[in-house]
Amino acid sequence: MTMRKPLSPLDIQLAEFHRRLRGFDPEEVHLFLQTVAESYQALTVENHQQRQELEHLKAALEEFKHREDLLREALYTAQKLADEVKAQAAREAQSIVQEAQVRSEALLQQAQLRAHQVDRSILDLKMEREYHVSALRDLLHRTQAILEAIEENKAKENVASFGRDQG
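So the sequence shown is numbered by our numbering: it starts at 1214 and just counts up by one.
Everything labelled a hint here was simulated from the structure, so no lab data went into it.
Computed cross-link-like contacts, PhoX-like style, restricted to lysine-lysine with a CA-CA straight-line distance of at most 20 Å:
{"id": "1", "residue 1": "Lys1369", "residue 2": "Lys1218"}
{"id": "2", "residue 1": "Lys1339", "residue 2": "Lys1271"}
{"id": "3", "residue 1": "Lys1367", "residue 2": "Lys1218"}
The following label-pair restraints were derived from C-beta to C-beta distances:
{"id": "4", "residue 1": "Gln1263", "residue 2": "Ser1334", "range": "28 to 34 Å"}
{"id": "5", "residue 1": "Glu1229", "residue 2": "Glu1364", "range": "23 to 29 Å"}
{"id": "6", "residue 1": "His1354", "residue 2": "Ala1303", "range": "56 to 62 Å"}
{"id": "7", "residue 1": "Ser1252", "residue 2": "Arg1280", "range": "39 to 45 Å"}
Since we're looking at a predicted model, the values are computed, not measured.
Just so it is clear, CB atoms sit at the ideal spot from N, CA and C, and this is done for glycine as well.
Please construct the entire structure, taking both the sequences and the accompanying hints into account.
Okay, structure coming up:
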């Protein structure tokens, strides 16, 4: 059994059939093949566009993952900075208790505000990532449906071709 290469729209348009007595109307066959070729070409273009869109969405998802990692690192750094500031304030508190308390509280508030902002950014990125994952899943389902339709059409064409060959 030999494997045939996939048909292109041009292959479909240029397909020729042997003529037999009481055979199919050549004009009808030509028009049908033209319609099939146009449909196949449209599906090929759509499939290519969806593959490009999928690659774009994958790249965007990777960028969001990278941003999430950067934000986590920033949160860790902010928390570490807050801890260092607390320790420094505690050491200085022995000699200048009042000044160290005011300074420590101000820095702690800034660190907590930054930590809250980073937490919010992470939450926003997670929501955006979920949106893109959902969009990717939807695109994959649509692409799979298109591919299944193409395979079903190919199977129907093979059955029709086999029927013509037998007839």
